[in-house]
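Put chain B on the given structure of chain A with help from the hints.
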Amino acid sequence: EDQVTQSPEALRLQEGESSSLNCSYTVSGLRGLFWYRQDPGKGPEFLFTLYSAGEEKEKERLKATLTKKESFLHITAPKPEDSATYLCAVQLPFLLTGGGNKLTFGTGTQLKVEL
Amino acid sequence: SQTIHQWPATLVQPVGSPLSLECTVEGTSNPNLYWYRQAAGRGLQLLFYSVGIGQISSEVPQNLSASRPQDRQFILSSKKLLLSDSGFYLCACPRRGSTGELFFGEGSRLTVL
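Top to bottom, those sequences are chains A and B.
Going by the working numbering, 6 is the number at position 2 of the first sequence; the sequence numbering is gapless.
Going by the working numbering, 86 is the number at position 69 of the second sequence; the sequence numbering is gapless.
So that you can see chain A by itself, here it is in the shape it has in the complex (with noise of 0.2 Å):
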C-alpha cells in the first residue's frame, strides 16, 4: 500500500497566488520527514526535514509544516522560478529499514508558475 501520498499532482499558479502542496503519509513511528525540489532532468535538491507534529521550516518563499497525519509545503506570492516537481519523502522507523538513511518518496506535485 502506498505509505506517502502527494496531492495535487500537478498546480499552474499565477505569479503571486499563494497556494499548499500536500503530503500524507501512513507511516507509524516517523522518524524524519523530507521535501525535495527537482528540476527537469536533474537529480532532487533538499529543501526540509520535519521531525515532529508541529515543526515548521521556512526558507524564502516557502514554508514546510507537519502534522501526525500530513505536511504541507506552503508557497507565498510564488515567482516563475519557483516552478519545479515538489517531492515528499519520508524515513521510516527502524524497524522497517534496518537503519540508513532509506527515504520513501511520493510521486510529487508538479508545480508551473506562470507570468
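Just to be clear, a hint being listed does not mean it is correct.
[Unchecked claim] Output of the computed footprint for chain A on chain B, the stretches with three or more beta carbons under 8 Å from beta carbons of chain A:
id: 1; stretch: 55 to 69
id: 2; stretch: 123 to 130
[Unchecked claim] Under the rule of at most 30 Å between Cα atoms (straight-line distance), these lysine-lysine pairs were calculated in the BS3-like manner:
id: 3; chain 1: A; residue 1: K73; chain 2: A; residue 2: K61
id: 4; chain 1: A; residue 1: K72; chain 2: A; residue 2: K61
id: 5; chain 1: A; residue 1: K83; chain 2: A; residue 2: K73
id: 6; chain 1: A; residue 1: K106; chain 2: A; residue 2: K63
id: 7; chain 1: A; residue 1: K83; chain 2: A; residue 2: K63
id: 8; chain 1: A; residue 1: K73; chain 2: A; residue 2: K116
id: 9; chain 1: A; residue 1: K106; chain 2: B; residue 2: K97
id: 10; chain 1: A; residue 1: K46; chain 2: A; residue 2: K83
id: 11; chain 1: A; residue 1: K106; chain 2: B; residue 2: K96
id: 12; chain 1: A; residue 1: K46; chain 2: B; residue 2: K97
id: 13; chain 1: A; residue 1: K46; chain 2: B; residue 2: K96
id: 14; chain 1: A; residue 1: K116; chain 2: A; residue 2: K63
[Unchecked claim] One-sided excerpt, in silico: chain B residues whose CB lies under 7 Å from chain A:
id: 15; residue: L107
id: 16; residue: G117
id: 17; residue: E118
id: 18; residue: L119
These aren't lab readings, by the way, just hints derived from the structure by calculation.
Heads up, the beta-carbon is just placed ideally off N, CA and C, and yes, glycines get one too.
Positioned in the frame of chain A, the structure of chain B alone reads:
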C-alpha cells in the same frame, strides 16, 4: 564540498544489451550509497543500497544488480536490458552533517528501445 558524479548522463540502449552506470562520491568518507530509479509519472523507487565495500542489499526483485568495488564507487549493472528498465537513475548518499537527508547526483537517463 560534497559531490556525486554519475555517468553517462544519457544512454539509449537496445533491449537485451548490457548496462553499466557509474556513481562516484566525493567530499565524504565511508558513506552509505543508494541507487534510486524514477520512472515516468512515478516516484523515486529504491533499488539498492550499500553500507560498505562489497555489501549490497536489494530492495526489489529485478533485472538489475549493483556492486561497490571501492568505498566511494557504486555501479549499477544489467546483463540484458528490458524495456521496463527505462528510467532516470539516481545515486545518493547521506547529506554531510545531516541526520537523515539524502544528497543526490545529477542522474543518468536510460532509454531502452
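| Violated hints, by number in ascending order, as checked against the structure | Every hint satisfied by this model.
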